[in-house]
Amino acid sequence: MHIPDGFLDPKVWGTASGVSAGFTAYALYAVKEKLNEKVIPLLGITAAFIFAAQMLNFPVAGGTSGHFLGAMLACTLLGPLQGFLVMVIVLLVQCLFFADGGLTALGANVFNMGIVGGLFSYMIFIYIKALIARISGEKRALLISAAICSWLSVVIASAVCAVELALSGTIPLSVALPAMVSVHALIGIGEAAITTVVLAVVTQARPDLVHAMKLRLPAGQEV
Amino acid sequence: MRHDFIDRYSRIESPIHALDPRAKAAAFFALIIICVSTPNSDWWAFVIYATLVLVVLFASGVPLRYFFSRLLIVLPFILLVCIFLPFMHKGGGQVSLGPISLSKEGLLMMRAILLKSLISVSCLILLSSTTQFADLLHGLEKLYVPRFLTTVSAFMYRYLFLLVDEAQRIARARDSRNYKGKWIWQVKTTGYIVATLFLRSQERAERVYQAMVSRGFEGEFPRWTEIRMRVYDYAFAVLFIGGAIIGRMVRPWS
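Protein chains in written order, with this note's numbering: chain A, 3 to 225; chain B, -16 to 237.
It is worth saying that the hints were derived from the structure and are not from the lab. Some clues are possibly wrong.
Coverage of chain A stretches by chain B, computed from C-beta distances (three or more under 8 angstroms per stretch; other residues unrestricted) [what the hints assert, rightly or not]:
hint	segment
1	7 to 21
2	37 to 47
3	90 to 96
4	102 to 109
5	160 to 174
None of the values given here were measured: they were computed from a predicted structure. Every residue gets a Cβ at the ideal spot worked out from N, C-alpha and C, and that includes glycine.
Based on the provided sequences and hints, a complete structural model is requested.
Below, the structure is given as structure tokens:
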């Protein structure tokens, strides 16, 4: 899903870069007091972890494979803004040093995988989790809603990617959207399974490391 | 993963390696932006961009074999999309190739996108293989990229290869136990691997932080040498960007 340079036209990559830069600036500002010298190594190593996890291919069907995205996982483990910043850094390093994803497309890639696949999916996750928590336990609600939302995060990120390619006039929407969404609906199942297994194991072993375990809706907000 | 695969040639000596990272970053980033905003039909401009890239490639002394092997890693996806472009577009008349007919507009777009992405990827590869990682980050910092992003990137890069190796070690252990992942319901195993990797990475982060603090870490990396823009660096940036702009503007045959 990493868009290379040349696939987007200036109005699309320009807009996406502006929006992504704005979100990044806001995230940096909002978590500023938490960004002490202790968090820097932690986020750096977590970013390296996401990168390493993305290199593990998992089987989809009959020998074809997909790879892990990790945006929802990063958000549930670290909290939305810090998870988003980790994704920004992963994409930045992949672009600059691995030439994976283009420089002008960096804003679009951050938009797809960080904002849509991370922050937006996490917002849906908060509400779904609160809904499910009413009828079952806290931990089960966490796992079920994480599964739903990580599947969703991959699918909507791929749909947005298809829309960007179509708006740029590169690939018509009638071709790009079904192709991207159908492939990623399958890959999303893998994403959901991995995210859920990881959250299940980590809440068992080190519940203190899971940000979403401490999550409560802000006072006064009802679902 | 070989630790030095990405910046293996970033420590050799050449006129390009000696440049200030800011001059290189500005020049390559400008070329990428100029290149992707070039109209599809201006083939002449792409020839100029490619010439600029090749001149820098030869001056840098980065082995061609290495350069193309890195290009090959990113090529498949670009090719996959480009091959289908002439079939997906209609317009600009048809070109018939035996039994199949292709749209002229689609072919033009295929050529342009292929060239744009190849030239841009080449720029990024040249930048990362002629500049040491720490220098490039320092240069970006001087170009007003937030310090938090560069410092975290530095940590990420430092531990990247360690964690990738760890992931590959675990995957090898899995394979040696006769795991043959073929279908999606076997994905649970990958989940356990990712979970293990995460727990180990967090524990590693705690150890690293303690070790860093005991050595006086206060949130940024001290540098031995300061980077400095000289006349040579300005000249390179101006010539390179100027060449690209001329390529973008001048249209001798259209």
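The hints, checked one at a time:
1. With 6 residues bearing a CB less than 8 angstroms from a CB of chain B, the segment 7 to 21 of chain A meets the requirement of three and the coverage assertion stands.
2. Using a Cβ-Cβ cut-off of 8 angstroms, 10 residues of the segment 37 to 47 of chain A lie near chain B, which meets the minimum of three, so the contact claim holds.
3. With 5 residues having a beta carbon nearer than 8 angstroms to a beta carbon of chain B, the segment 90 to 96 of chain A meets the requirement of three or more and the stated coverage holds.
4. For the segment 102 to 109 of chain A, the assignment as covered by chain B holds, since 4 residues bring a beta-carbon within under 8 angstroms of that chain's beta-carbons and 3 suffice.
5. Using a Cβ-Cβ cut-off of 8 angstroms, 3 residues of the segment 160 to 174 of chain A lie near chain B, which meets the minimum of three, so the contact claim holds.
Of the hints listed earlier, there is not a single one the structure fails to meet.
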